[in-house]
Amino acid sequence: MKNKLSLKYVGFFLMLAILVLLPFVNDSRTLMILLTQIFIFGILAMSYDILLGYTGIVSFGHAMFFGIGAYTTSVMLKQMDNTLSIFLLSIVVGILIAGFISFLVGLLTLRLKSHFFAMLTLAFSGLFLVVAEKWRSITYGNDGFTFRAPDIFRDRITFYFFVLACLVFIFIALYRFVNSPTGRILIAVRENEQRTKSLGYNTLHYKVIASVVAGTVASLAGALYAISLRFVNTSVMTMDITLDALLMTIIGGVGTLVGPLLGAAVIEYAQHTLSGLARDYPIFERWIIFFGILYILAVIFFPKGIIGSLRMMYWKWRLKLKEKDKTSVAQPQEKERFE
Amino acid sequence: MEPILRTENLTIRFGGHTAVDHVNFNMPEKHLKSIIGPNGAGKTTFFNLISGELMPSAGDVYFKGQSLAQKSAIERTRMGLGRSFQITNVFPNLTVLENVRLAVQSKEKVRYQLFRHYKSYKAITEKAEELLTLVLLDNKRDALTTMLSHGEKRKLEIAMLLALDTEILLLDEPTAGMSLEEVPTILEIIRTIKKQGDKTILLIEHKMDMILDLSDSIMVLFNGQLLADGTLEDIMKNETVQNAYLGGLYDEHLTEIK
Chain A
1 MKNKLSLKYV GFFLMLAILV LLPFVNDSRT LMILLTQIFI FGILAMSYDI LLGYTGIVSF
61 GHAMFFGIGA YTTSVMLKQM DNTLSIFLLS IVVGILIAGF ISFLVGLLTL RLKSHFFAML
121 TLAFSGLFLV VAEKWRSITY GNDGFTFRAP DIFRDRITFY FFVLACLVFI FIALYRFVNS
181 PTGRILIAVR ENEQRTKSLG YNTLHYKVIA SVVAGTVASL AGALYAISLR FVNTSVMTMD
241 ITLDALLMTI IGGVGTLVGP LLGAAVIEYA QHTLSGLARD YPIFERWIIF FGILYILAVI
301 FFPKGIIGSL RMMYWKWRLK LKEKDKTSVA QPQEKERFE
Chain B
1001 MEPILRTENL TIRFGGHTAV DHVNFNMPEK HLKSIIGPNG AGKTTFFNLI SGELMPSAGD
1061 VYFKGQSLAQ KSAIERTRMG LGRSFQITNV FPNLTVLENV RLAVQSKEKV RYQLFRHYKS
1121 YKAITEKAEE LLTLVLLDNK RDALTTMLSH GEKRKLEIAM LLALDTEILL LDEPTAGMSL
1181 EEVPTILEII RTIKKQGDKT ILLIEHKMDM ILDLSDSIMV LFNGQLLADG TLEDIMKNET
1241 VQNAYLGGLY DEHLTEIK
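Going down the list, the protein sequences come from chains A and B. Heads up: the first sequence begins at 1 in the working numbering, then just goes up one per residue. Heads up: the second sequence begins at 1001 in the working numbering, then just goes up one per residue.
The hints are simulated quantities; they were obtained by calculation from the structure and are not laboratory data. Mixed in with the good hints there might be a few duds.
[What the hints assert, rightly or not] Simulated crosslink set (DSS-like; lysine-lysine; CA at most 30 Å straight-line):
1. A:LYS322 <-> B:LYS1153
2. B:LYS1140 <-> A:LYS322
3. B:LYS1109 <-> B:LYS1237
4. A:LYS322 <-> B:LYS1122
5. B:LYS1199 <-> A:LYS8
6. B:LYS1195 <-> B:LYS1107
7. B:LYS1153 <-> B:LYS1122
8. A:LYS197 <-> B:LYS1033
9. B:LYS1199 <-> B:LYS1237
Build the full structure now, drawing on both the sequences and the hints.
See below:
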């Protein structure tokens, strides 16, 4: 147990060290942008994992919180000023709005059985998409608008470090969250909601907590995404964002937190390289087709995702070791009993 | 003395079928009462009404003199009514220890702690381990619950119920589907609980020898009605019960249907 724990920490710090040192070794623009994008979608996918992987809630409306974050930051930077303090304030405002809305939507919809809930989240996110399209005076509708990011983020590397810091902070916070007593109850809800109720837990409260945590984290991802593009349009509210998060979570491994991060890396990287191939092979302009195939293969062969499958292998291996131990220890005991 | 649990004309109808029919019963404190009756007599439905899974069509349940009509199942558990399920109902993909730990955590009211690591609540884990020892599952603590045999799941079910530390235990056929060798362990566990003397136990069971061994009193349900309630001798002497169990009433019932 101790051994495994320290292994986890070593892995974490090693990865962190590599990511911190990387810009000093190779600061190519494409790499920095790609990694920043991976971090941002990693945050989004982790937040989705809280819902899907830990609480067992399938939401088709996660994009609305991402969109809320993205729009709040963009609008505030455009309308007020492009200073760092306004940016930080806009993140807080975005989180508050997303938290409030996820609380409200959760309270209204989480009483329902899962598929009705999924449908309703779809409806709500559709509603927000329409608002973003029609409230032209602020959102400029479908065309969206560009804005100036805070000067400090003009440097890609500074922004890279900022997003990395956010990622690490969110990762640790969510890791603590899922391992807290409340986090354990979320897992219990996923496993057997009726039983959780009969143990005296009000499961609705926990589902709402999960929904608020996921919503606020997604809004942070949205804010960072808007800064990375310095542009926002209605695409941040669309189903594609939710599907991306879903895909990353499932490919990486539901209910693992690290999995969605890995999933985000795999998908963003694949997207990057596949669309790069389009120059030579026109079929790759439709890289989404390959995603479809990838998705189907993942669900068939790795239903638990990359991390989930690895974990299963690890457990099986440990079980085998244990059994070996047992048989070698159990035999003398048998003898004693006969005597 | 006010009985700890009491029902008054407790009735539930499903469409035209009356599953529990005007049942009045009293449950003295620290007492073990068994409920017997043929299949479909309404025993589990009666439990569901007491535990709040179902709401009665008429009548009410009283816990320490307080009406439970407005209380949800969650509130009833928190007040002190714990139940086990006839069909094993555990968290399949969690470890045995985690199953019990979650139950202890509920009892300890550790519900909304978002940041501390759950393992830092040492007392909770220790209590869970203690309960696993009581139900003879301590050697399986790290096994996933799906890997357990049926009998082991039943034991786990009892451990989780005990973890809630409720004053009343509603045990719905704790030996259902168990092999004959496993029954004595369950019997032993219930006997241990009874001997500790601080629980009121209501038990649904089919195995007569077990009922005779454990019960302070017995109540008989038949077609949703309370046929008899009393000590073993009373029940044995009761003619309606004899008829019901010898099939008399049942035949009558059949001819009625025809």
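Inset, instruction - Check each numbered hint against the structure and report the violated ones by number, ascending. - result: As far as the earlier hints go, 3 and 5 are violated by this structure, in ascending order.
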